[in-house]
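Visitor: Keeping the supplied structure of chain A fixed, place chain B upon it in accordance with the hints.
Protein sequence lines, in the order shown, are assigned to chains A and B. My numbering puts the first residue of the first sequence at 1, with every later residue one more than the last. My numbering puts the first residue of the second sequence at 244, with every later residue one more than the last.
If you are wondering where the hints come from, they were derived from the structure by calculation, not from laboratory data. Among the hints, a few may not be true.
BS3-like mimics (lysine-lysine), calculated; alpha carbons at most 30 angstroms apart, straight line [to be verified]:
hint, chain 1, residue 1, chain 2, residue 2
1, B, 280, A, 31
2, B, 265, B, 309
3, B, 267, A, 16
4, B, 250, A, 19
5, B, 293, A, 24
6, B, 267, A, 19
Label-pair distances were calculated between CB atoms; the ranges are [said to hold, decoys possible]:
hint, chain 1, residue 1, chain 2, residue 2, range
7, B, 400, A, 129, 32 to 42 angstroms
8, A, 140, B, 298, 57 to 67 angstroms
9, A, 109, B, 253, 26 to 36 angstroms
10, A, 75, B, 423, 57 to 67 angstroms
11, B, 266, A, 103, 33 to 43 angstroms
12, B, 258, A, 30, 12 to 22 angstroms
13, B, 333, A, 47, 22 to 32 angstroms
14, A, 39, B, 423, 39 to 49 angstroms
15, A, 150, B, 400, 51 to 61 angstroms
16, A, 121, B, 317, 17 to 27 angstroms
17, B, 333, A, 78, 49 to 59 angstroms
18, B, 400, A, 118, 18 to 28 angstroms
19, B, 258, A, 35, 17 to 27 angstroms
All C-beta atoms in this analysis are idealised placements derived from N, C-alpha and C, irrespective of residue type, glycine included.
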Amino acid sequence: MNLTQKKKFMQDISEKIIKEIEEKNIKPTPKAVFNLIGFSFWVIFVLSVAIGVCAAFTSIFMIVDSDWDVYPAMGYNFWTYLFTSLPYLWLVVFLGFLMASFLAYRATKNGYKKPTTLVLAAISVGIFSLVGIFFAIGANINLHGYMMNFPIYDRFIFSREDMWRGERPSCLGGIITNVPNNIDFILKDFDGHLWVVNTEQAKIYPLVVIKQNNRVRIVGEREDNNKFMAREIWPWEMRPFGR
Amino acid sequence: MELFDKKNVDLSDAELVELALKDKQNYRYLIERYKDKLARYISRISNSGKEETEDVLQNVYLKTYKNLNSFDKTLKFSSWIYRIAHNETVDHIKKWANKPKLTSIDEEVFQNTLRSDPRIEENLDKKLFVKKVGELINSLDDKYKEVMVLRYIEEKDYDEIADILRKPTGTVSTLINRAKKQLKGKIESDPKKEIYARYF
Numbered sequence: 001m002n003l004t005q006k007k008k009f010m011q012d013i014s015e016k017i018i019k020e021i022e023e024k025n026i027k028p029t030p031k032a033v034f035n036l037i038g039f040s041f042w043v044i045f046v047l048s049v050a051i052g053v054c055a056a057f058t059s060i061f062m063i064v065d066s067d068w069d070v071y072p073a074m075g076y077n078f079w080t081y082l083f084t085s086l087p088y089l090w091l092v093v094f095l096g097f098l099m100a101s102f103l104a105y106r107a108t109k110n111g112y113k114k115p116t117t118l119v120l121a122a123i124s125v126g127i128f129s130l131v132g133i134f135f136a137i138g139a140n141i142n143l144h145g146y147m148m149n150f151p152i153y154d155r156f157i158f159s160r161e162d163m164w165r166g167e168r169p170s171c172l173g174g175i176i177t178n179v180p181n182n183i184d185f186i187l188k189d190f191d192g193h194l195w196v197v198n199t200e201q202a203k204i205y206p207l208v209v210i211k212q213n214n215r216v217r218i219v220g221e222r223e224d225n226n227k228f229m230a231r232e233i234w235p236w237e238m239r240p241f242g243r
Numbered sequence: 244m245e246l247f248d249k250k251n252v253d254l255s256d257a258e259l260v261e262l263a264l265k266d267k268q269n270y271r272y273l274i275e276r277y278k279d280k281l282a283r284y285i286s287r288i289s290n291s292g293k294e295e296t297e298d299v300l301q302n303v304y305l306k307t308y309k310n311l312n313s314f315d316k317t318l319k320f321s322s323w324i325y326r327i328a329h330n331e332t333v334d335h336i337k338k339w340a341n342k343p344k345l346t347s348i349d350e351e352v353f354q355n356t357l358r359s360d361p362r363i364e365e366n367l368d369k370k371l372f373v374k375k376v377g378e379l380i381n382s383l384d385d386k387y388k389e390v391m392v393l394r395y396i397e398e399k400d401y402d403e404i405a406d407i408l409r410k411p412t413g414t415v416s417t418l419i420n421r422a423k424k425q426l427k428g429k430i431e432s433d434p435k436k437e438i439y440a441r442y443f
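Bound-form chain A, shown alone (with noise of 0.2 angstroms):
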């Protein structure tokens, strides 16, 4: 294109532009949808961050509540324990949201000049942050509790109640239902099963009380369908945050 054909066009366009915008009556945006837009983003950062935190603070509640204190009874050694019980469900929420935040924070007006591993950092820190002051006032934002009464999550979790349930022939954990004599107590397990638990020869550790309504976790053998030999027994909320 040569500098005459240049100068025409451009000449040309400026006229075409204007036409355009009369001829299809184009008007600017109002500004109060630029508003919207730009505040749309920072709610969906904050509800972004604030399902992180909830995910974090059950992913670490579910960790921590874990059975550390009895996991050699049960069979398992630290690792394979540990990568059997981390709430990956959780851990795949939790950093789905980290994200969710992240984008949502660069869509903002000035969200694009930080550095992106500054602002990672800062949104994880300050998920952390919110997670520490939950625990120390000991505020209650598991989730986990509250999703369990929906059976399509149990199909995604493996929870510690998944450990205790009769189908490990060596676990059992339950709500006691019946004390009938010193020797025996009646346990109903998480899939609603009865057993007769034998306690002759376990150990008993303290804090267990062999009574009506209390939940305990049982180490031992499984005699047939309905009869359990217990060899130890634990209470269930034997954890700092057990709840």
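Guide: Okay, now just chain B, sitting in the frame of chain A:
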């Protein structure tokens, strides 16, 4: 009706935006101020011909007009409109799968950007050098090409490039360094690399 009020020509970009918001006819001042630069920029990034460049430029100006109320006065207007031009050009390239293919080099601009050399007998070499540099920049990966064009041809500083591309300044710096390394690698592997030695 006189379309151009000369006193408006010297107003700042922010003032022209205010005028355009009041009366669409005033938008032509902003169009006139940026049309040459934006057309060159679009053409370089997309390697498009006249008609395609005009189409993209038209879309840029229409989009800019629709979004005038979102212009943030803490930002330079040039960075803002370049951002819109960049995004529209990238969308255009993706839409038409218009892979960079050298059609013509804006030799006039490259000549102005390079050091002048009064030695007449080297004119031919210089034209070849300009062509070579153009080919080199066009052969870079898109993410490197766009920062190199903005930095060394549009002469934007790092903060402006960061505002245009909506990337942190550190990322812009990294991209430019990597682009230079890629360029250096290409020069080193060029059989006629002695051409560059005369000018770099």
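Visitor: Hints first: check each against the structure and report whether it holds.
Guide: Now for the hints, and whether the structure bears them out:
1. Our distance criterion of 30 angstroms between C-alpha atoms is met by residue 280 (chain B) and residue 31 (chain A), whose separation comes to about 27 angstroms.
2. Between residue 265 (chain B) and residue 309 (chain B) the CA atoms are separated by roughly 13 angstroms; this keeps the pair inside 30 angstroms, and the hint holds.
3. Taken as a hint, the residue 267 (chain B) and residue 16 (chain A) pair is honoured in the structure, with Cα atoms around 13 angstroms apart against an allowance of 30 angstroms.
4. For the hint pairing residue 250 (chain B) with residue 19 (chain A), the CA-to-CA distance comes to about 23 angstroms; that is within 30 angstroms, so the pair holds.
5. Between residue 293 (chain B) and residue 24 (chain A), the direct Cα distance comes to roughly 24 angstroms. Compliance with the 30 angstroms bound is thereby established for this hinted pair.
6. Using a Cα cut-off of 30 angstroms, the hinted pair residue 267 (chain B) and residue 19 (chain A) holds, with the two alpha carbons roughly 10 angstroms apart.
7. A hinted range of 32 to 42 angstroms for the beta carbons of residue 400 (chain B) and residue 129 (chain A) is consistent with their spacing of about 36 angstroms.
8. The hinted window of 57 to 67 angstroms between residue 140 (chain A) and residue 298 (chain B) holds, with their beta carbons roughly 59 angstroms apart.
9. Between residue 109 (chain A) and residue 253 (chain B) the beta carbon distance is about 29 angstroms. The supplied range of 26 to 36 angstroms therefore holds.
10. At roughly 60 angstroms, the beta-carbon separation of residue 75 (chain A) and residue 423 (chain B) lies within the given 57 to 67 angstroms, and the hint holds.
11. In this structure, residue 266 (chain B) and residue 103 (chain A) meet the distance hint of 33 to 43 angstroms, their C-beta atoms being roughly 39 angstroms apart.
12. Checked against the hint of 12 to 22 angstroms, the pair residue 258 (chain B) and residue 30 (chain A) passes, with Cβ atoms roughly 21 angstroms apart.
13. In this structure, residue 333 (chain B) and residue 47 (chain A) meet the distance hint of 22 to 32 angstroms, their C-beta atoms being roughly 30 angstroms apart.
14. Taking 39 to 49 angstroms as the suggested C-beta distance range, the pair residue 39 (chain A) and residue 423 (chain B) conforms, at roughly 41 angstroms.
15. About 55 angstroms separates the C-beta atoms of residue 150 (chain A) and residue 400 (chain B), a value consistent with the hinted range of 51 to 61 angstroms.
16. Here the CB-CB span from residue 121 (chain A) to residue 317 (chain B) is close to 26 angstroms, well matched to the stated 17 to 27 angstroms.
17. The given range of 49 to 59 angstroms is respected by residue 333 (chain B) and residue 78 (chain A), whose C-beta atoms sit roughly 51 angstroms from each other.
18. Checking the proposed 18 to 28 angstroms range against residue 400 (chain B) and residue 118 (chain A) shows it holds: the Cβ atoms sit about 22 angstroms from each other.
19. At about 22 angstroms, the CB distance of residue 258 (chain B) to residue 35 (chain A) agrees with the hint of 17 to 27 angstroms.
Of the numbered hints listed earlier, not one is contradicted by the structure.
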